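Okay, here's what each chain looks like letter by letter:
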Amino acid sequence: MSTTSLPPSLMATLPGEHYTDPQVFALEQKRIFESMWFCAVRAADLPKPGAFRTVQVGTESILISRARDNSIRAFYNVCRHRGARICTEESGEVKRAFQCPYHAWTYDLEGKLIAAPNLTKMPDLDRVEYGLVNVAVREWLGYVWVCLADEPPSFEDTVLAEVRTRLGDVASLDNYDVANLALGRRIVYDVKANWKLIVENFMECYHCATIHPELTEVLPEFADGYAAQYYVGHGAQFGDDVQGFTVDGSEGLDRIPTISDDQDRRYYAITIKPQVFVNMVPDHVIVHRMFPLAVDRTVVECDWLYLPEVVAEGKDISRSVELFHRVNEQDFEACERTQPSMSSRTYAKGGVLVPSEHHIGLFHDWVRGKIGE
Amino acid sequence: MSTTSLPPSLMATLPGEHYTDPQVFALEQKRIFESMWFCAVRAADLPKPGAFRTVQVGTESILISRARDNSIRAFYNVCRHRGARICTEESGEVKRAFQCPYHAWTYDLEGKLIAAPNLTKMPDLDRVEYGLVNVAVREWLGYVWVCLADEPPSFEDTVLAEVRTRLGDVASLDNYDVANLALGRRIVYDVKANWKLIVENFMECYHCATIHPELTEVLPEFADGYAAQYYVGHGAQFGDDVQGFTVDGSEGLDRIPTISDDQDRRYYAITIKPQVFVNMVPDHVIVHRMFPLAVDRTVVECDWLYLPEVVAEGKDISRSVELFHRVNEQDFEACERTQPSMSSRTYAKGGVLVPSEHHIGLFHDWVRGKIGE
Amino acid sequence: MSTTSLPPSLMATLPGEHYTDPQVFALEQKRIFESMWFCAVRAADLPKPGAFRTVQVGTESILISRARDNSIRAFYNVCRHRGARICTEESGEVKRAFQCPYHAWTYDLEGKLIAAPNLTKMPDLDRVEYGLVNVAVREWLGYVWVCLADEPPSFEDTVLAEVRTRLGDVASLDNYDVANLALGRRIVYDVKANWKLIVENFMECYHCATIHPELTEVLPEFADGYAAQYYVGHGAQFGDDVQGFTVDGSEGLDRIPTISDDQDRRYYAITIKPQVFVNMVPDHVIVHRMFPLAVDRTVVECDWLYLPEVVAEGKDISRSVELFHRVNEQDFEACERTQPSMSSRTYAKGGVLVPSEHHIGLFHDWVRGKIGE
Chain A
1 MSTTSLPPSL
11 MATLPGEHYT
21 DPQVFALEQK
31 RIFESMWFCA
41 VRAADLPKPG
51 AFRTVQVGTE
61 SILISRARDN
71 SIRAFYNVCR
81 HRGARICTEE
91 SGEVKRAFQC
101 PYHAWTYDLE
111 GKLIAAPNLT
121 KMPDLDRVEY
131 GLVNVAVREW
141 LGYVWVCLAD
151 EPPSFEDTVL
161 AEVRTRLGDV
171 ASLDNYDVAN
181 LALGRRIVYD
191 VKANWKLIVE
201 NFMECYHCAT
211 IHPELTEVLP
221 EFADGYAAQY
231 YVGHGAQFGD
241 DVQGFTVDGS
251 EGLDRIPTIS
261 DDQDRRYYAI
271 TIKPQVFVNM
281 VPDHVIVHRM
291 FPLAVDRTVV
301 ECDWLYLPEV
311 VAEGKDISRS
321 VELFHRVNEQ
331 DFEACERTQP
341 SMSSRTYAKG
351 GVLVPSEHHI
361 GLFHDWVRGK
371 IGE
Chain B
1 MSTTSLPPSL
11 MATLPGEHYT
21 DPQVFALEQK
31 RIFESMWFCA
41 VRAADLPKPG
51 AFRTVQVGTE
61 SILISRARDN
71 SIRAFYNVCR
81 HRGARICTEE
91 SGEVKRAFQC
101 PYHAWTYDLE
111 GKLIAAPNLT
121 KMPDLDRVEY
131 GLVNVAVREW
141 LGYVWVCLAD
151 EPPSFEDTVL
161 AEVRTRLGDV
171 ASLDNYDVAN
181 LALGRRIVYD
191 VKANWKLIVE
201 NFMECYHCAT
211 IHPELTEVLP
221 EFADGYAAQY
231 YVGHGAQFGD
241 DVQGFTVDGS
251 EGLDRIPTIS
261 DDQDRRYYAI
271 TIKPQVFVNM
281 VPDHVIVHRM
291 FPLAVDRTVV
301 ECDWLYLPEV
311 VAEGKDISRS
321 VELFHRVNEQ
331 DFEACERTQP
341 SMSSRTYAKG
351 GVLVPSEHHI
361 GLFHDWVRGK
371 IGE
Chain C
1 MSTTSLPPSL
11 MATLPGEHYT
21 DPQVFALEQK
31 RIFESMWFCA
41 VRAADLPKPG
51 AFRTVQVGTE
61 SILISRARDN
71 SIRAFYNVCR
81 HRGARICTEE
91 SGEVKRAFQC
101 PYHAWTYDLE
111 GKLIAAPNLT
121 KMPDLDRVEY
131 GLVNVAVREW
141 LGYVWVCLAD
151 EPPSFEDTVL
161 AEVRTRLGDV
171 ASLDNYDVAN
181 LALGRRIVYD
191 VKANWKLIVE
201 NFMECYHCAT
211 IHPELTEVLP
221 EFADGYAAQY
231 YVGHGAQFGD
241 DVQGFTVDGS
251 EGLDRIPTIS
261 DDQDRRYYAI
271 TIKPQVFVNM
281 VPDHVIVHRM
291 FPLAVDRTVV
301 ECDWLYLPEV
311 VAEGKDISRS
321 VELFHRVNEQ
331 DFEACERTQP
341 SMSSRTYAKG
351 GVLVPSEHHI
361 GLFHDWVRGK
371 IGE
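Note that the protein sequences, when read in sequence, are chains A, B and C. Positions 1 to 373 (UniProt numbering) are the ones given, in order, by the first sequence. Positions 1 to 373 (UniProt numbering) are the ones given, in order, by the second sequence. Positions 1 to 373 (UniProt numbering) are the ones given, in order, by the third sequence.
Think of the hints as simulated: they come from the structure by calculation, not from any bench. Note that the structure is a prediction, hence the values are computed from the model and not measured. Treat the hints with caution; some may be incorrect.
For chains that are exact copies, the list does not tell them apart, and a pair is met inside one copy or across any two.
As the list claims (entries may be wrong) - No more than 35 Å apart at the CA atoms, straight line, and that leaves these computed lysine-lysine pairs for DSBU-like:
1. Lys-95 x Lys-48
2. Lys-370 x Lys-30
3. Lys-48 x Lys-315
4. Lys-349 x Lys-121
Construct the complete structure from the given sequences, taking the supplied hints into account.
Okay, structure coming up:
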């Protein structure tokens, strides 16, 4: 039943327990999601000072809001007094301050403690030290990235390095001007599978011919099993008779004017570990953010971003959205079908990667390194 | 993020894991709820011999019933033969005996084994030794208190001592003649929070101004944040224009005639650890019993007790009940809002108590002592 | 509360934790259900090549199907590539091969890998070694028995030995020609109880007088508490005025012609550890298969088997089925009533077995031996 040595064509995956053991997941939460830069919310979803969103990062609830100077701040969503959640809604807006609804400890938009019952009788209570606990913040691509580490890693050496590894440079992504695109559509998927199965699925196209009929129609080279992510700088070319990146190959929306000519009629994809996928086509960008909630459950928020005028004018994006929505559904169904076998004794030593999947081995090495194996 | 030393105004609470760790809860079940006197059912709910109730005490199902001599008995709700539950209903009535519905082992109302198929062929089977396993019982305030310890602690040194600590003497409570009041209303709350959060909430009034508008209207001194339980013997005075302890301050019901003059127009509250709160006002007494079911779930049964004639004559108690029902809902919502943060790294060392909450530290010390820290 | 030594009439059962501890259940899954012959599906439910069923055996999903030569094969339901479930339906039919729906790895009906994208470019990939992982199979009584052990135990020394122990010989069971009976009815029960409670219940009749009024009417000797399984070779005799093994004692169906005269008008029962019960009466055979899914949950599939002509002609089997369906419901309710007490401290050392239950002690010894106590 077990294979002690693999033939050269094959490489082993991670052992099954990496996808089922709550202790492995707890390690990943601590050493990956709570230690790295985590893409949390779209900056445009915080339109003005006092607007806020709450998101789960690892095991923590994080409160992200826009301060009076229009900068974005992030805090642990925990009152410093007795721990009540400051905000329980997913999104909302306050005027000038966050007030804990339990004992009315009140924090300004920068997190400083500014009021509390009897506060004046507690002159020894430092209002900054007992302010909301700050979380590091960085805006990029129009998204708010947070980092719960006491000493966040370099954004350049981690997030941007992923872009360079994949595209050869960051400028190729800059061409799409993602931060200034507008949200055309957002779909949230609740996937009953470990987050690493979703990453592995996104990294390879060996499955494309089997489960993605619409996608391989638009990108014929995907039918051969090599993903756009296999070669540095490579973008998969649209089929000759394809007019746009849509479910039926019909014409897409207005092209993003700043992309280069060789980026036209091509699809590029980047995996930004641990939880972001960026997909670029001439007329839109699709951003996936994963929120791993349990060893066998991951919520994926997927945004379709277009030129602001496309969204403002209400142009019909339905066939455009439908293509990758189907891809998402096809992929997540495959992941959910795989999750239950991870506990099988036949998967105790893992499965195998074929040559067009061997690069997934680098992801597995990275995970092992992060969790200290 | 962490505070190594606190300013004098602040005291630390218990660390967050005390509210989230199932192993801590298992210790509490064993060393607190299964070792101390536990207020289980109202005696009047067992109106005659054979009437029974089943309740969960710690991890155990306990069968409480009235025997032929009208005394109240309590047993583990477990057949001595192969363990089937004797009674699965929450309440009911048998005629003369409890018969296990699996193999018909039959126990009289005192728990003795009196019949079983082929029992006469098993003369070596002692009918008392193989009777239902007894649990210690004590009636007080019209409630049945049980204790699962092999050697129950002194009722006087534990339960009654709590009353003395709070009121100065037990006579002050005796004045309300609680055992002879009648049940006007019972409301059961299923609270998704650790039982200790509910105790802590009940012990302090620092939150009153923020979440209890109706209560602070009736008891204006509560708006200052000092609970009735802060000073020995103190009862919070009704506002000058308040006619009764009702949701709108309108007139209450008939005054309990045996209370003293200085108990009139006052609210007193006692926390009887680990799971009972008693609230006294001139015309009624409110008794909370908590049933901790999981580290993050507690069922609270709340009884509103009035003079028998008030209940018998069907007087309108709705505004009277509504006041504390709102207080309950406000408090339990606050507890449920606090529970999720208990697992945050920002709460790993606990939160802080302000001066008007410092007495909660004694409760924390007591819990630590009980679970052997 | 505890009894250090038992009177001679009584024997101790297993301690309560054997029925509640997930670690004990995990041991049982590994050392019992995944190591012994397990009765999985009815062979007739796989009518032709390509027909398949999926069943859970211990912690594993097993794919059972009929091959081109009409033999039955069983495999782990796990693709050798990246682990996706091959079949997710409970039953179905493929034409010539099983194709994994994720990356299209394709296996013939004997499990050999016959196709995969780019397979020809991986000449070092052995198609048998990377075929579906085989599970040992044996057909008997018209059922497919599987064994997940690397070296399955002797079928004769385990399964058949149970029949000999109970009936004295296997020929007595052969008389019923079970493999050639037809399925009249199947009912599936989802029982919230540990599988051992169901075995113990089936092994004794001390409960019959209490919970089985219909059964003791048909088999009067059961009212005395001695089960058919107590004496080697014994079958319980129908009551004098009973015409058939039906819910009201009315006439049954056509008698199985090959049974012996002394098997007429008698009920025999066999417990084939760990998960099968066989019940024989002159005109039908009832087979229970248990699927233990959790320490406190067991699915039981019960088949009522009749002569093929009885089923083909659509004769009325309703009163025949109704008798044991009621017995099942009565038994499983008793087991569900017993499960919650298994965690009581009063059951920490177990309950007691009366003389007519003492043979259950052998089952307990067997369980202890299997899990290595």
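We went through each hint and held it up to the structure:
1. In this assembly of identical chains, Lys-95 and Lys-48 lie within 35 Å of each other by CA distance solely inside one copy; the values are 10 Å within and 61 Å between copies.
2. When the C-alpha separation of Lys-370 and Lys-30 is checked against a cutoff of 35 Å, the pair qualifies both within a copy, at 10 Å, and between copies, at 32 Å.
3. Proximity of Lys-48 and Lys-315 under a CA criterion of 35 Å is satisfied intra-copy only: 26 Å inside one chain copy versus 54 Å between copies.
4. Taking the shortest Cα distances, Lys-349 and Lys-121 sit within 35 Å of each other only across copies (24 Å), while inside one copy they are farther apart (62 Å).
Consistency with the previously given hints is maintained throughout, with no hint failing.
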